[in-house]
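As you go down the protein sequences, you meet chains E and B in turn. In terms of my numbering, the first sequence opens at residue 1 and continues consecutively. In terms of my numbering, the second sequence opens at residue 1 and continues consecutively.
Hints in this document: simulated from the structure, not taken from any laboratory. These numbers were taken from a predicted model, which means no experiment stands behind them. A couple of the hints might just be wrong.
[Unchecked claim] Only pairs whose alpha carbons sit at most 20 angstroms apart, straight line, appear in this in silico DMTMM-like list of lysine to aspartate or glutamate:
(1) E:Lys60 / E:Glu16
(2) E:Lys52 / E:Glu42
(3) E:Lys49 / E:Asp84
(4) E:Lys56 / E:Glu69
(5) E:Lys52 / E:Glu69
(6) B:Lys57 / B:Glu75
(7) E:Lys60 / B:Glu101
(8) E:Lys52 / B:Glu82
(9) B:Lys13 / B:Glu82
(10) E:Lys56 / B:Glu97
(11) E:Lys49 / B:Glu82
(12) B:Lys57 / E:Asp84
(13) B:Lys57 / B:Glu101
(14) E:Lys77 / E:Glu63
(15) E:Lys56 / E:Glu76
(16) E:Lys49 / B:Glu75
(17) E:Lys77 / E:Asp54
(18) E:Lys52 / E:Asp84
[To be verified] Computed footprint of chain B on chain E; a stretch qualifies when at least three of its residues, placed anywhere within it, have a C-beta under 8 angstroms from a C-beta of chain B:
(19) 42 to 55
(20) 93 to 99
Glycine included, every Cβ here is placed at the ideal spot set by N, Cα and C.
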Amino acid sequence: GDSVTQMEGPVTLSEEAFLTINCTYTATGYPSLFWYVQYPGEGLQLLLKATKADDKGSNKGFEATYRKETTSFHLEKGSVQVSDSAVYFCALSVPTANNLFFGTGTRLTVIP
Amino acid sequence: KAGVTQTPRYLIKTRGQQVTLSCSPISGHRSVSWYQQTPGQGLQFLFEYFSETQRNKGNFPGRFSGRQFSNSRSEMNVSTLELGDSALYLCASSRRERATEAFFGQGTRLTVV
Numbered sequence: 001g002d003s004v005t006q007m008e009g010p011v012t013l014s015e016e017a018f019l020t021i022n023c024t025y026t027a028t029g030y031p032s033l034f035w036y037v038q039y040p041g042e043g044l045q046l047l048l049k050a051t052k053a054d055d056k057g058s059n060k061g062f063e064a065t066y067r068k069e070t071t072s073f074h075l076e077k078g079s080v081q082v083s084d085s086a087v088y089f090c091a092l093s094v095p096t097a098n099n100l101f102f103g104t105g106t107r108l109t110v111i112p
Numbered sequence: 001k002a003g004v005t006q007t008p009r010y011l012i013k014t015r016g017q018q019v020t021l022s023c024s025p026i027s028g029h030r031s032v033s034w035y036q037q038t039p040g041q042g043l044q045f046l047f048e049y050f051s052e053t054q055r056n057k058g059n060f061p062g063r064f065s066g067r068q069f070s071n072s073r074s075e076m077n078v079s080t081l082e083l084g085d086s087a088l089y090l091c092a093s094s095r096r097e098r099a100t101e102a103f104f105g106q107g108t109r110l111t112v113v
């Protein structure tokens, strides 16, 4: 079935460190891929997306590239800030379903 | 442009009671989906409505139900509440069915005691 496997957390980094959160997927057909972010006490916000192979989604310094050959969509940021502390969810949607499939989430804490 | 609005933000209910949660989608969005978020199970899909019709349903018992009105606003209802129903319930809206982008509300935090 359709699913997302996401790097387990929590992840703790110092400010200005490089961030990678791994995400791989299993899907029928051609999925669209997403990263959502959830700040404490809030709902989910769409961070970035990619709808076809080799697309790169980017926003607020975060990037992720849709890799069909490795079925991956890893999230990266070159220099994290304290304000990036949140839970990050990788997700996919497929044309045959009406819902998003989410990974388990990765909690990121950035310390000054 | 207003975002997705969920009411109430917080609820405390007793086991056995029922509860109704409300979601107002972004103006012009016709699809509304509901998700349950718990520490143990993560984000699980409940159901999706489009044009007042339930299009898809997740693996939840019949105690969980929902509906959508002609103005696209949606409600979900949980009857005979159990302690395990304590969760953050998130609503997401999309412009159309099977859209590639969903916008989430802040959620309703339900605590069952």
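Do the hints match the structure? See the list:
1. Note on lysine 60 of chain E and glutamate 16 of chain E: the hinted pairing holds, with a Cα-Cα distance of about 14 angstroms set against a maximum of 20 angstroms.
2. Proximity of lysine 52 of chain E to glutamate 42 of chain E is assessed by CA-CA distance (about 29 angstroms); at most 20 angstroms being required, the pair is judged violated.
3. For the hint linking lysine 49 of chain E to aspartate 84 of chain E, the alpha-carbon distance of about 18 angstroms falls within 20 angstroms, and the restraint holds.
4. Restraint check for lysine 56 of chain E and glutamate 69 of chain E: satisfied, since their Cα atoms lie roughly 15 angstroms apart, inside the 20 angstroms limit.
5. Restraint check for lysine 52 of chain E and glutamate 69 of chain E: satisfied, since their Cα atoms lie roughly 12 angstroms apart, inside the 20 angstroms limit.
6. Restraint check: the Cα-Cα separation between lysine 57 of chain B and glutamate 75 of chain B comes to about 15 angstroms, which is no more than 20 angstroms; the hinted pair holds.
7. The hinted pair formed by lysine 60 of chain E and glutamate 101 of chain B meets the criterion: a straight-line CA distance of about 18 angstroms does not exceed 20 angstroms.
8. The straight-line distance between the Cα atoms of lysine 52 of chain E and glutamate 82 of chain B is roughly 42 angstroms, outside the 20 angstroms bound, and the hint therefore fails.
9. The straight-line distance between the Cα atoms of lysine 13 of chain B and glutamate 82 of chain B is roughly 10 angstroms, inside the 20 angstroms bound, and the hint therefore holds.
10. For a cut-off of 20 angstroms, the pair hint linking lysine 56 of chain E to glutamate 97 of chain B is broken: about 24 angstroms separates their Cα positions.
11. Straight-line distance between C-alpha atoms of lysine 49 of chain E and glutamate 82 of chain B comes to about 36 angstroms, which puts the hinted pair past the 20 angstroms bound.
12. Between the alpha carbons of lysine 57 of chain B and aspartate 84 of chain E the distance comes to roughly 33 angstroms, so the proposed pair goes past 20 angstroms and is violated.
13. With a C-alpha separation of about 19 angstroms, the suggested pair lysine 57 of chain B and glutamate 101 of chain B falls inside the 20 angstroms cut-off, and the hint holds.
14. For the suggested pair lysine 77 of chain E and glutamate 63 of chain E, the alpha carbons sit about 6 angstroms apart, so the restraint of at most 20 angstroms is met.
15. As the CA atoms of lysine 56 of chain E and glutamate 76 of chain E are separated by approximately 11 angstroms, the hinted pair is consistent with the 20 angstroms bound.
16. About 28 angstroms separates the Cα atoms of lysine 49 of chain E and glutamate 75 of chain B, which puts this hinted pair outside 20 angstroms; it is violated.
17. Between lysine 77 of chain E and aspartate 54 of chain E, the direct Cα distance comes to roughly 18 angstroms. Compliance with the 20 angstroms bound is thereby established for this hinted pair.
18. Straight-line distance between C-alpha atoms of lysine 52 of chain E and aspartate 84 of chain E comes to about 27 angstroms, which puts the hinted pair past the 20 angstroms bound.
19. With 7 residues carrying a beta carbon less than 8 angstroms from a beta carbon of chain B, the stretch 42 to 55 of chain E meets the three-residue requirement, and the given coverage holds.
20. Against chain B, the stretch 93 to 99 of chain E contributes 5 residues with a C-beta closer than 8 angstroms to a partner C-beta. That satisfies the three-residue criterion, and the hint holds.
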